[in-house]
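Asker: Quick note, the sequences are listed as chains A and B, same order. Counted from 1, the first sequence has number 138 at position 139 by numbering that gives the first Met the number 0; the numbering is strictly sequential. Counted from 1, the second sequence has number 263 at position 264 by numbering that gives the first Met the number 0; the numbering is strictly sequential.
Treat the hints as calculated values from the structure; they're not laboratory data. Using N, Cα and C, we set each Cβ at its ideal position, and we do this for glycine too. Misleading hints may appear alongside valid ones.
As the list claims (entries may be wrong) - Simulated coverage check for chain A against chain B, where a stretch passes if three residues somewhere in it have a Cβ under 8 Å from a Cβ of chain B:
hint : stretch
1    : 79-85
2    : 136-148
3    : 173-182
4    : 205-213
5    : 252-260
Unchecked claim - Cβ-Cβ distance ranges computed for the label pairs, FRET-style:
hint : chain 1 : residue 1 : chain 2 : residue 2 : range
6    : B       : Ser4      : A       : Lys31     : 52 to 58 Å
7    : A       : Lys31     : B       : Lys293    : 57 to 63 Å
8    : A       : Pro75     : B       : Asp80     : 52 to 58 Å
9    : B       : Phe90     : A       : Glu276    : 34 to 40 Å
10   : B       : Arg117    : A       : Lys31     : 47 to 53 Å
11   : A       : Arg265    : B       : Gly315    : 46 to 52 Å
12   : B       : Phe90     : A       : Lys31     : 30 to 36 Å
13   : A       : Ile238    : B       : Glu75     : 29 to 35 Å
14   : B       : Glu75     : A       : Asp266    : 42 to 48 Å
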Amino acid sequence: MNWLTNLPPGLKSIFAKSDDGDGDTLWVKCPKTGELVYRDDLEASMWVTPSGAHLRMTPTQRMDALFGKGLWKEIPLPDVVQDPLKFKDDKKYVDRLKASRAKTGRTDCMMAAQGEIGNRKVVALVQDFAFMGGSLGMAAGEAFITAAETAVARKAALICVTASGGARMQESAFGLMQMPRSVIAIEDVKRAKLPYIVILTDPTSGGVMASYAMLGDVHIAEPDAMLAFTGARVIEQTIREKLPAGFQRSEFLHERGQVDMVCHRRDIPEKLASILEMLMPEQQRPRRTSRAKAEAER
Amino acid sequence: MATPSTYLDFERPVADLETKIAELQEAGGSVVSEEVSKLREKSAKQLKDIYSKLSPWQKTQVARHPDRPHFADYVEGLCDDFVQLDGDRKFMNDEAIIGGLAKFRGQPVVVIGHEKGRDTQTRIKHNFGMGRPEGYRKAVRLMELAGRFGLPVIALVDTSGAFPGKGGEERGQAEALARSIEACLMLDTPMISVIVGEGGSGGAVALASGNRVMMMEHAIYSVISPEGAASILFRDAKRAKDTAEAMKITAQDLEKFRIIDAVIPEPMGGAHRDPKTAISRVGDAIEKALKSLKDMSPDELRDQRKQRFYAIGRDGLPAAASAATRTPQRKKP
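Start from the sequences and build out the full structure, keeping to the hints where you can.
Answerer: Written out as structure tokens, the structure reads:
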């Protein structure tokens, strides 16, 4: 809390440093209609424009949207070996990391937090597309494992909000290895009879889609998100034809049976609460207390 | 030693010598035989020189060599009574991934692998070894069969990647790959994966998540093909040589990183020069690996896979840059 946070909203947004990467503007252009939307209105509507475009969010904004503003606690994530391959293309990988860290203020693309949704314990993982395209490397893989282990230890549901271009090229096979590693972590959650729910957001593709994004007990997709294994451009080059409009969008994947539902961002917490209530009945608080009481009396 | 049908660019000096030898032999005569044996010696030395210091990009070409032994050759060379089992029971039979029951050196197993095909017709039939969702669903089906009947699984990986097609996307390519990784990791029986040629991305890891993962000496394994990486990073597929280098895709590098467990040596000049020896060495390595896992229970096997994959990146690399701040959950009680 500082003097800036106490300013009236209009004035505040002039000063406030934007954390979603698209500048410190008061107005944001809707990618669907071109309409200018007032930033504070967007914030209040969970970054969904009046026409329904679901804009990308920072991990912090996402946690607020899932758990309620500030009602979550970040889970510390382990450090990993940085740049094991000493990778360099036009730029050094370490420099790309530095730039992404400066831009997002985070060490890598995954954030984990714990809290409650509908009275059920939840560990949430959020992937930040703004950090090197949300690419899956060792840091994200270890984050996934840590979150899964925390979920098992706390008997919490694991929820993963995906946004990624796939495995991180700059870590090559180390990136690829995060696919089986995350799958093992998921299996531990499933064997503990805890729900694993995936929320697919724009865009999710490649190695992330081919591992933890598609192994949920329930798949919830945000409207019009690009969800694919191979990106449209590569497919178009391979088969030499144009893909139809809407191909690889959430609604298309729903039609093809890959996701359970397409759900407006605003409705996701409520939907999660219903699902978790039914999948985790034993965690209903009053019942647990009464049972604990009964056991204590025995 | 067989003379290959195709020479790779960097094999030119050997090719020249071998052409000369062939010409001399055709001419015949007594002086010739001495000359031929001299040239043979020279050619062998040349070959050894070239193959002892192949660059990652050269290895990529060897891994893709058209004469390199493929799945069908390994099955023929290593297994008896192969009973091919087809189809995913849902949509179709994908010929890019072949599998079935077989006796591997007398032991009943399930064998699964990518098949690239050998000539135009078979390459098209097998879709150049690029699996569709149905191929991976067939693999899952066969792994489940193996688990139910207590049979080890041998997976031979040789693919540039899963097929980037329209139909595959519509039918859940990503989900099929994820399920195949899951099936490898959850299997009740031992699973040995050998990357015999190309290990391309998700399409490879979907069959390479076993208890032991081995690579042939000149095989490659990477997150994306060198060409794919080059077109993304440099917007120029021709710079594949650079990305092959940067991505550390060789068996030697990956063994050093402990991403794979062993490198299977190839005959001098690559598996394509002496497929028989190459195949039997792969067989020996598989046999040894199976022996080491044979007394493990299903839970022990799953746990071994977990330890194996979790150790990647944690062990055998220089320590993390900043002070270790691992979460308490990480520490074993």
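Asker: With a cut-off of 8 Å between beta carbons, are at least three residues of the stretch 205-213 of chain A near chain B?
Answerer: As far as the stretch 205-213 of chain A goes, the hint holds, because 8 residues have Cβ atoms under 8 Å from chain B.
Asker: If you count the residues of the stretch 252-260 of chain A with a beta-carbon closer than 8 Å to a beta-carbon of chain B, do you get 3 or more?
Answerer: With 3 residues close enough to chain B, the hint holds.
Asker: Do the Cβ positions of A/Lys31 and B/Lys293 conform to the proposed distance bound of 57 to 63 Å?
Answerer: Distance hint for A/Lys31, B/Lys293 holds at roughly 60 Å.
Asker: Between B/Phe90 and A/Glu276, does the beta-carbon spacing fit 34 to 40 Å?
Answerer: At 36 Å between Cβs, range holds.
Asker: Is 30 to 36 Å a correct range for the gap between the Cβ atoms of B/Phe90 and A/Lys31?
Answerer: holds, 35 Å
Asker: How about the stretch 136-148 of chain A: do at least three of its residues have a C-beta closer than 8 Å to a C-beta of chain B?
Answerer: holds (count 6)
Asker: State, for the Cβ atoms of B/Glu75 and A/Asp266, whether the hinted interval 42 to 48 Å holds or is violated.
Answerer: Given range 42 to 48 Å: violated, Cβ gap about 57 Å.
Asker: Given the range 47 to 53 Å, decide if the beta-carbon distance of B/Arg117 to A/Lys31 lies inside it.
Answerer: For A/Lys31 against B/Arg117, whose Cβ atoms are near 51 Å apart, the range 47 to 53 Å holds.
Asker: Three or more residues of the stretch 173-182 of chain A near chain B by CB distance under 8 Å?
Answerer: With 8 residues closer than 8 Å to chain B, the stretch 173-182 of chain A meets the three-residue bar; holds.
Asker: Is 52 to 58 Å a correct range for the gap between the Cβ atoms of B/Ser4 and A/Lys31?
Answerer: Holds - the Cβ-Cβ distance for B/Ser4 and A/Lys31, about 56 Å, lies within 52 to 58 Å.
Asker: Is 29 to 35 Å respected by the C-beta to C-beta distance linking A/Ile238 and B/Glu75?
Answerer: Between A/Ile238 and B/Glu75, where Cβ atoms are some 33 Å apart, the hint holds.
Asker: Residue count check for the stretch 79-85 of chain A against chain B: does it reach three with CB-CB under 8 Å?
Answerer: Our answer is that it holds, as 5 residues pass the Cβ test (under 8 Å) against chain B, meeting three.
In this structure, the one hint that does not hold is number 14.
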